[in-house]
Amino acid sequence: MRKDYEKLFTNLKPVEPSAGLFDKIILTIKREQGLQHTKRLIFGFVSLLLISFVAIPFSWTLLVGQVESSGIFYFISTAVNDFGTFLILWQNFSLAILESLPIMGIIAFTVNMALILFIVRLFLYRKRLLLAYPLTYERR
Amino acid sequence: MKNCSDEQLIIDYLKGDEKALEILIKRYLKPIYSFTFRFVRDSQEAEDITQEVFIKVWRNLKKFDQNKSFKTWIFHIAKNTSLDFFKKKKTIPFSNFGKEEGKNTFTEMLTDTTPLPNELFERAGVAEILNSAMEKLSLKYRMVLFLRYNDHFNFREIAETLGEPLNTVKSRHRRALILLKKLLTES
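Listed in order, the protein sequences are those of chains V and H.
Per my numbering, the very first residue in the first sequence carries number 61; after that it's consecutive.
Per my numbering, the very first residue in the second sequence carries number 724; after that it's consecutive.
Think of the hints as simulated: they come from the structure by calculation, not from any bench.
Careful: at least some of the hints might be erroneous.
List time: in silico SDA-like cross-link candidates among lysine to any residue, alpha-carbon distance up to 25 Å [stated by the list, open to error]:
1. LYS749(H) with ASN790(H)
2. LYS90(V) with LYS753(H)
3. LYS742(H) with ARG91(V)
4. LYS749(H) with THR88(V)
5. LYS63(V) with ARG865(H)
6. LYS749(H) with GLU66(V)
7. LYS785(H) with ARG100(V)
8. LYS753(H) with THR88(V)
9. LYS802(H) with ASN790(H)
10. LYS791(H) with GLU883(H)
Quick partial rundown of chain H residues pointing at chain V, CB under 10 Å, derived from the structure [unchecked claim]:
11. LEU752
12. ARG761
13. THR773
14. LYS812
15. VAL849
Covered, in the sense of this in silico footprint (three residues per stretch, anywhere, with C-beta under 8 Å from a C-beta of chain H), are these stretches of chain V [claimed, not checked]:
16. 65–73
17. 83–91
Just so we're clear, the structure is a prediction, and the values are computed from it rather than from any experiment.
Ideal Cβ positions, reconstructed from N, Cα and C, are used throughout, including at glycine.
Excised from the complex, chain H in its bound form:
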């Protein structure tokens, strides 16, 4: 059962198999926790939000459109729950989530094909360098990069998760990569 697809587990749960829900929760516990942790950077708050996300998922599982991806749906809930948390706390400026200004869709959608310098991977403390570079990026850039390279989402999935147009995500991704590369090579 552990190898069942998300959709199959949902069907099983809706038919009354409680175990299916437990497997689904286990499968997404770490990714959702890690996603919310990137938002709030506090383990206790991330756990509270994660818990809320799974309760919302359980409450709305009957309404879930099974033609859509469960993965993007649950991450979308996680993103909205994290934003609600910020709204309640009012600790970060909402401009962080706003749309980019002065974008040039055509040039920004071109892919940055230059590879990462090999010496970067050989450097000692690459984790610290990457962590510190990521910390310097704004939340919206960080999110796109994490979803793409840590959670292995494609652009369409990122767009659905963040509720942004596909082209915005692509241009944001490009800008984030340019900034990250700059920060990595500077350090």
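So that you can see chain V by itself, here it is in the shape it has in the complex:
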């Protein structure tokens, strides 16, 4: 019985989609993929930027604290006030200043600032791609 009906239904005129429907679907999927990628990129930029901005006060406090406790200002002020002695003992003075440098604080703060600059630069570089994406799609 099933065969009878299947045979009968072969007489129905098949409905065909237009020739461009497949391309339209693929294009829409590609567009959605592009939008998803853009959203992910923007999310990444914003997250990194937020993290960097939140980290600024901490790295600054670390740097200031280490500078204060290192005694580097004492060496510098001595060198400035007694410039003659500094010139005679400049090698020892320089070594003492270098030894007292707050390396960790400087590294933390520099990395923090470099990261912000890098993210902003990357954002500016990708700006056209990120912000102009829907427009470039429309033009296609």
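Using the hints, position chain H against chain V.
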């Protein structure tokens, strides 16, 4: 690759092979379009719905349970998308999709074994006769018959696609066949 199963194509696509998705779309483009066209009977609207169906499929492909049939899953999405379209348009009464009333499960599950009259196949314009008979059937009957005899689904697949109990589908199928045969012999 064109002979790969649906499941294999999905696995390939999820591994990053974009071509696999294209093959999958090509494979189901006509059946899904024809399915949605039966709902809306307008080629432009059917194309819009078909497009939406494939976008939904693509979006949810990662969530697709690969132990289930892709065919019934995609047709189920197509059915829901078509219904959503009607909800937005509010053009057809929802009673068309409602459950049948006054059903007698036992008698209706008995199969109608009487064959179709042979002269029917020999008649001129059998396509027009069938088309006109199908047009007279309600949407729910039409869907069951199309899925079974045009798309070659079994009852379980129809039930999964339409989201109805298996016995409801079987009784609906029987009632649809009785009505169709009546309409065909009358014409």
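Status of the hints after comparison with the structure:
no., hint, in the structure
1, LYS749(H) with ASN790(H), "22 Å, holds"
2, LYS90(V) with LYS753(H), "21 Å, holds"
3, LYS742(H) with ARG91(V), "16 Å, holds"
4, LYS749(H) with THR88(V), "15 Å, holds"
5, LYS63(V) with ARG865(H), "18 Å, holds"
6, LYS749(H) with GLU66(V), "23 Å, holds"
7, LYS785(H) with ARG100(V), "18 Å, holds"
8, LYS753(H) with THR88(V), "18 Å, holds"
9, LYS802(H) with ASN790(H), "21 Å, holds"
10, LYS791(H) with GLU883(H), "10 Å, holds"
11, LEU752, "6 Å, holds"
12, ARG761, "8 Å, holds"
13, THR773, "7 Å, holds"
14, LYS812, "20 Å, violated"
15, VAL849, "5 Å, holds"
16, 65–73, "holds (count 8)"
17, 83–91, "holds (count 5)"
Consistency note: the structure conflicts with earlier hint 14 alone.
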